[in-house]
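Protein chains: 2
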Amino acid sequence: MDVDARVEAWASLQLLHGLPARTLVTLLKHFGGPVELHAASQRSLAKLVSPEVASVIERGPDPAVLETTLTWLREPCHGLAAWDDTDYPSALLAIADPPPVFYYAGRRELLNRPAIAIVGSRNATPQGLEHAEAFAAALSAAGLTIVSGLASGIDAAAHRGGLAAVGSSVAVVGTGLDRVYPPSNRELAQRLERDGGMLSEFAMGTPPLPENFPRRNRVISGLSRGVLVVEATLNSGSLITARLAAEQGREVFAIPGSIHSPFSKGAHRLIRDGAKLVETAQDVLEELGIEVTDHARGTAPPSGEASKAPAAEGTSAKVLAAMGHDPAGIDVLARRTGLAAEAITVALVELEVAGRVLSLPGGLYQRR
Amino acid sequence: MDVDARVEAWASLQLLHGLPARTLVTLLKHFGGPVELHAASQRSLAKLVSPEVASVIERGPDPAVLETTLTWLREPCHGLAAWDDTDYPSALLAIADPPPVFYYAGRRELLNRPAIAIVGSRNATPQGLEHAEAFAAALSAAGLTIVSGLASGIDAAAHRGGLAAVGSSVAVVGTGLDRVYPPSNRELAQRLERDGGMLSEFAMGTPPLPENFPRRNRVISGLSRGVLVVEATLNSGSLITARLAAEQGREVFAIPGSIHSPFSKGAHRLIRDGAKLVETAQDVLEELGIEVTDHARGTAPPSGEASKAPAAEGTSAKVLAAMGHDPAGIDVLARRTGLAAEAITVALVELEVAGRVLSLPGGLYQRR
Numbered sequence: 280m281d282v283d284a285r286v287e288a289w290a291s292l293q294l295l296h297g298l299p300a301r302t303l304v305t306l307l308k309h310f311g312g313p314v315e316l317h318a319a320s321q322r323s324l325a326k327l328v329s330p331e332v333a334s335v336i337e338r339g340p341d342p343a344v345l346e347t348t349l350t351w352l353r354e355p356c357h358g359l360a361a362w363d364d365t366d367y368p369s370a371l372l373a374i375a376d377p378p379p380v381f382y383y384a385g386r387r388e389l390l391n392r393p394a395i396a397i398v399g400s401r402n403a404t405p406q407g408l409e410h411a412e413a414f415a416a417a418l419s420a421a422g423l424t425i426v427s428g429l430a431s432g433i434d435a436a437a438h439r440g441g442l443a444a445v446g447s448s449v450a451v452v453g454t455g456l457d458r459v460y461p462p463s464n465r466e467l468a469q470r471l472e473r474d475g476g477m478l479s480e481f482a483m484g485t486p487p488l489p490e491n492f493p494r495r496n497r498v499i500s501g502l503s504r505g506v507l508v509v510e511a512t513l514n515s516g517s518l519i520t521a522r523l524a525a526e527q528g529r530e531v532f533a534i535p536g537s538i539h540s541p542f543s544k545g546a547h548r549l550i551r552d553g554a555k556l557v558e559t560a561q562d563v564l565e566e567l568g569i570e571v572t573d574h575a576r577g578t579a580p581p582s583g584e585a586s587k588a589p590a591a592e593g594t595s596a597k598v599l600a601a602m603g604h605d606p607a608g609i610d611v612l613a614r615r616t617g618l619a620a621e622a623i624t625v626a627l628v629e630l631e632v633a634g635r636v637l638s639l640p641g642g643l644y645q646r647r
Numbered sequence: 280m281d282v283d284a285r286v287e288a289w290a291s292l293q294l295l296h297g298l299p300a301r302t303l304v305t306l307l308k309h310f311g312g313p314v315e316l317h318a319a320s321q322r323s324l325a326k327l328v329s330p331e332v333a334s335v336i337e338r339g340p341d342p343a344v345l346e347t348t349l350t351w352l353r354e355p356c357h358g359l360a361a362w363d364d365t366d367y368p369s370a371l372l373a374i375a376d377p378p379p380v381f382y383y384a385g386r387r388e389l390l391n392r393p394a395i396a397i398v399g400s401r402n403a404t405p406q407g408l409e410h411a412e413a414f415a416a417a418l419s420a421a422g423l424t425i426v427s428g429l430a431s432g433i434d435a436a437a438h439r440g441g442l443a444a445v446g447s448s449v450a451v452v453g454t455g456l457d458r459v460y461p462p463s464n465r466e467l468a469q470r471l472e473r474d475g476g477m478l479s480e481f482a483m484g485t486p487p488l489p490e491n492f493p494r495r496n497r498v499i500s501g502l503s504r505g506v507l508v509v510e511a512t513l514n515s516g517s518l519i520t521a522r523l524a525a526e527q528g529r530e531v532f533a534i535p536g537s538i539h540s541p542f543s544k545g546a547h548r549l550i551r552d553g554a555k556l557v558e559t560a561q562d563v564l565e566e567l568g569i570e571v572t573d574h575a576r577g578t579a580p581p582s583g584e585a586s587k588a589p590a591a592e593g594t595s596a597k598v599l600a601a602m603g604h605d606p607a608g609i610d611v612l613a614r615r616t617g618l619a620a621e622a623i624t625v626a627l628v629e630l631e632v633a634g635r636v637l638s639l640p641g642g643l644y645q646r647r
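These protein sequence lines are chains A and B, in that order.
Per the working numbering, the first sequence starts with residue 280, numbered consecutively.
Per the working numbering, the second sequence starts with residue 280, numbered consecutively.
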């Protein structure tokens, strides 16, 4: 695929260092567009900007980096989106400092779908990962695109849940799009590039620099109508994303949990500060004023099968009732129901197949 | 102990049926006090009230019930508090419909101490009971009297926690004070009568009538600076108490929990409606503007031993770290730590003795 002059001009502008966004706006207005800006003489530039900035533009980007970028842009489904693109995300344009241009790999139409961000800690609990995936699947089924940051833990689970339904998922990353960080998410990144989207405002080759991640977070919230924090410790970057979302006028949602879990403390702080406490995907949709589909209904976060599963009957129903809402082993269930261990084992297999219970390590089972 | 004329007059007034509080205020103002009101002729009464009300007063209460009441009042530490008592609780006087008179057994000085109500479901979880008792103990240690309703479950745990420290505890009940409901709380009621307080606005002999309990709840919140809901299902009476507290301008606090637990749904609804989410007793004290003592400090609700327990060391520390915040069995802990089952068993016994873990049914252990 060929890269047209406008895209090449934007890529060049993106690669310039030391060009403030405000200055860029002035220059683009004056010259009419990125191609014209590139063709401008240093003399005409010098009338508008400092000699330093004029020479930065005149000199242009590092040719090797530009060539890498253009090679990347020639791949199928690779592209960039700039301020003057008609499909630059309108939600992102509404924030105080939208990136003038970003790179994008994946399904372009996802950029203007209603979206929700789901974020949380990297070292989340199994329960937290399950929540992230289940809420993401239900919200995606309701037509929302799930935006997250491709980190391990909650982010990855949210992307997986989003990819499972119609709304799909977009990752906003803090590196160049020719890199995957963390490497363990390489396969997930490939799925996102094919069925969802990968987005970065950073140049090709940019490594995972800590200073880029808070900057990246404003794009996660900026693309979204709201941010759902699933599990977050008090020092989690998710709290920064939530704060940015509130500053951008977006909704903030948080899932509560045990007062003894450090992974619920972040969510609890957000709720105290005004975030909406949510128990189900339906709660989120109602707050956003989105019509609730059957997928998102239910008292617990619907996880694909579970919401469609038929009601348990006979022995299975008895075992399910005895299970309560905490993990339980076969011995406990035997004591509670008075049934033989064999009967319980059979019932648990049935319930697991029906998607109503989850098998945990250590021979424990939990309602899902 | 003898019952003076004023107390007898108030007991008589309390036993009259069909005398609205508003009318009572008018009559007391006119005649100067309960004794004078009792001595009033029907003719002078008829000038102020309807003939029906005048004859109710003139006829007086059922002599047998009055005698039962006076017998009860003659017991040590039994008494009544009426509007014109200097130690009628000032917090209760501030509500829209304070009872003109109530019966009280116990330590009279507790009636005017700063108080907090702790309420919740009868069928609470073990975790909920632990929270109720631990928060109550910490808040009582900070000088707050714990008010609750003597029900099974959260109420009883809150009373026990309150009795354990300096603030003590007062039960507001929906029956006559010569009865205990539920009977399983008889021993607790005796402890409250000795070391705390038992309070009722209902006549001696009043059985546990369902219609009296919501009325009783306004006194629970009315005595208190705030109401803490520990665990409550969506149809729990605790939500009524919380609503009354909000109407009375008192603080409402709620402890969050798992989105899968029906016992957390009431607390979550309250938080959505504006209740303060609290994780520790310190959170409650800070909201109430009460100086925080060492007892109430700490990230988790301090439960006696746990807060004083020394840090676990060596194997114990390893096992504790592997436990996380969900119940876990020895096999799971063995897998997570790589330690032999015997070493883990020894460590768990040490941790249990040190008050750092709780042994649950089914061979599970949980951090406390």
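The set of hints was computed from the structure by calculation and includes no laboratory data.
Fair warning: there could be bad hints in the mix.
Copies of the same chain look alike in the list, so a pair counts if it fits in one copy or across any two.
Computed cross-link-like contacts, SDA-like style, restricted to lysine to any residue with a CA-CA straight-line distance of at most 25 Å [stated by the list, open to error]:
id: 1; residue 1: Lys308; residue 2: Ala620
id: 2; residue 1: Lys326; residue 2: Pro462
id: 3; residue 1: Lys597; residue 2: Arg615
id: 4; residue 1: Lys326; residue 2: Gly617
id: 5; residue 1: Lys597; residue 2: Arg401
id: 6; residue 1: Lys597; residue 2: Asn514
id: 7; residue 1: Lys308; residue 2: Arg458
Computed from a predicted structure; not experimentally measured.
Here's how the hints hold up against the structure:
no. : hint               : result
1   : Lys308 with Ala620 : neither (76 Å within a copy, 72 Å between copies)
2   : Lys326 with Pro462 : neither (47 Å within a copy, 91 Å between copies)
3   : Lys597 with Arg615 : within (10 Å within a copy, 32 Å between copies)
4   : Lys326 with Gly617 : neither (88 Å within a copy, 71 Å between copies)
5   : Lys597 with Arg401 : between (37 Å within a copy, 22 Å between copies)
6   : Lys597 with Asn514 : between (42 Å within a copy, 23 Å between copies)
7   : Lys308 with Arg458 : neither (34 Å within a copy, 85 Å between copies)
Checked against the numbered hints given earlier, this structure breaks hints 1, 2, 4 and 7; the rest are met.
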